[in-house]
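S.K.: Chains as they are written, first to last, in this note's numbering: chain A, 608 to 950; chain B, 2 to 174.
Just so you know, these hints were derived from the structure itself, not from any lab.
Here the structure is a predicted model, which means the values were calculated and not measured.
Hints should not be assumed to be uniformly reliable.
[To be verified] So the derived label-pair ranges between C-beta atoms look like this:
(1) R764(A) - A154(B): 51 to 57 Å
(2) T37(B) - A828(A): 24 to 30 Å
(3) S124(B) - E753(A): 33 to 39 Å
(4) D118(B) - A937(A): 33 to 39 Å
(5) D879(A) - G103(B): 20 to 26 Å
Glycine included, every Cβ here is placed at the ideal spot set by N, Cα and C.
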Amino acid sequence: MAKLRGTGIAAVNYPTGMNLGGDPSQALIHATTSGSFVVALSSTDLGQGLRTVIGQIAAETLGVAADEVVIDTADTDTGPHCMGTFASRATHRVGNAVKAAAEEARTALLEVAALELNAPVGGLVLDGFGNVLVAGDPGRCVRVAEVASKAQFEYGRTISGRGAYMKPKSPVDPETGAMDPDSTEAHACTIAEVEVDTETGQVAVLGIRSAYEVGRQVNPALVRGQIVGGAWMGMSHALYETTEPYYPNPDHKPKDFSEYVMPGPAELPEIDCVVLEVPSSTGPYGVKGVGEMTANSPIPAIVNAIYHACGVRVDDLPVTPEKILRGLEAKWATESAAAAGGR
Amino acid sequence: MGSRIVSFELCGREVEVLVSPMATLQSVLRSQLGYTGTKEGCRQGGCGSCTVLVDGEPMMSCLLPVEDVEGRRVTTIEGIAPVAGLAPIQQAFIEKNAFQCGYCTPGMVVLTKTLLDHHPSPSRDEIIDALGGNVCRCTGYAPIIEAIEAAAAGATTDAGRDAGDWPDPSGER
Ligand code: FES
Ligand code: FES
Chain A
608 MAKLRGTGIA
618 AVNYPTGMNL
628 GGDPSQALIH
638 ATTSGSFVVA
648 LSSTDLGQGL
658 RTVIGQIAAE
668 TLGVAADEVV
678 IDTADTDTGP
688 HCMGTFASRA
698 THRVGNAVKA
708 AAEEARTALL
718 EVAALELNAP
728 VGGLVLDGFG
738 NVLVAGDPGR
748 CVRVAEVASK
758 AQFEYGRTIS
768 GRGAYMKPKS
778 PVDPETGAMD
788 PDSTEAHACT
798 IAEVEVDTET
808 GQVAVLGIRS
818 AYEVGRQVNP
828 ALVRGQIVGG
838 AWMGMSHALY
848 ETTEPYYPNP
858 DHKPKDFSEY
868 VMPGPAELPE
878 IDCVVLEVPS
888 STGPYGVKGV
898 GEMTANSPIP
908 AIVNAIYHAC
918 GVRVDDLPVT
928 PEKILRGLEA
938 KWATESAAAA
948 GGR
Chain B
2 MGSRIVSFEL
12 CGREVEVLVS
22 PMATLQSVLR
32 SQLGYTGTKE
42 GCRQGGCGSC
52 TVLVDGEPMM
62 SCLLPVEDVE
72 GRRVTTIEGI
82 APVAGLAPIQ
92 QAFIEKNAFQ
102 CGYCTPGMVV
112 LTKTLLDHHP
122 SPSRDEIIDA
132 LGGNVCRCTG
142 YAPIIEAIEA
152 AAAGATTDAG
162 RDAGDWPDPS
172 GER
């Protein structure tokens, strides 16, 4: 009986979003009378940071401060359509829609500002701090808030924009099989280090270290949060979580939250990552996506590390102590049979 | 058994509330008193999202009949922050990005408060021990542990604030 260490590696190429036709997201933006901008979406923030990142993209495109942007994801019944937030798609798909809407709203804003400043639209710039300036003539400027207010109370105009993004359908060429299977791909590679206790079958994950290439990072802190949380979740899928431990036999199904097994802080390995940025040509400001993909490569990396440590290849998740002990027994039986046969 | 009136101290303020038999502190806080910071993950003691302090000790409010806090001192997440600004623990959670969906956060912050009250500079193992009953699905715990370490290193807890500073989410003040 021993504690055996092993190292495993796995990589993932992750196509952002769904890619076989469709996968639309849309956005509407309008300015309030106070000069803040409301971005209406049906795209849900479930903790991945969508509101923050989309707010950054909208603010960057509009040319206003991020705290002047309000992301309204209140109601999927009444908001512009979105396929949903999954498949690491939101920053890319929703970001593209919001960027388009913000460009239209920005033009509408500058048209009113041009009336106010008595200058051509093409000669105006936004300074990112809530002012519209006449380029080359810094004395002539007007507050965005004033433009927004005057648009509504003096000019009777809206400052608004519409945006949509949809990956075009890509039919398969019947002759060659060629098609365009994705809009962009993010990449990751994970090295996992484990220790297998051959007496109990327990696996301790010691380290999950990854390299990610996710296109331009809109918000590096949120990217790291996704990667660290995703590494833990990958470990959880690899070793712990299941609703059907003996499928199709229903025995030992977790009946409630308390019986559903997940690792806690005591099982936490050392998690580390480096992030590379190769901007995509299709994403807003070069983004790809880094959500769901973060739980992918840790799983095969851990399974490979277990094989490296103790020679047991388990191809059925989660890798429970029972499966490891059965695998070790089978391996030892084969080895001693071979030794007896060779004698 | 009919309804009865239970009175206790909630975040520095005396409250009296008419409750039905076996109502939990969690449901009374959320549904009757408007203190919705205390979350409701499982209602069976399995997640810690409902953690509150009773006389300074952490309790899962989903398992606690409200009658059991008669005459006692209850602190929820609403009582952790000063009226303006944030408690150092909350600031540390922000700086370490220690939440994503935020569902576990009120329980985690309340738990950290009592941990640091008892152990101003806890070891990593003591932190891990303290977190044993609180589940987080998003962060992988590492940022939460870092936030608790940072709050401890700042050596500041929000002890000593007088009761008049507690915020009152029901707006009655
Ligand atoms: S809601 Fe109380 S422990 Fe989950
Ligand atoms: S932040 Fe989502 S459960 Fe902890």
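S.K.: Against each hint, give a clear statement of whether it holds in the structure.
M.R.: Comparing the hints with the structure gives:
1. R764(A) - A154(B): 51 to 57 Å: At 54 Å between Cβs, range holds.
2. T37(B) - A828(A): 24 to 30 Å: For A828(A) against T37(B), whose Cβ atoms are near 27 Å apart, the range 24 to 30 Å holds.
3. S124(B) - E753(A): 33 to 39 Å: 57 Å, violated
4. D118(B) - A937(A): 33 to 39 Å: 53 Å, violated
5. D879(A) - G103(B): 20 to 26 Å: Given a distance of about 25 Å, which is inside 20 to 26 Å, the answer is holds.
Against the hints set out earlier in the document, violations occur for numbers 3 and 4.
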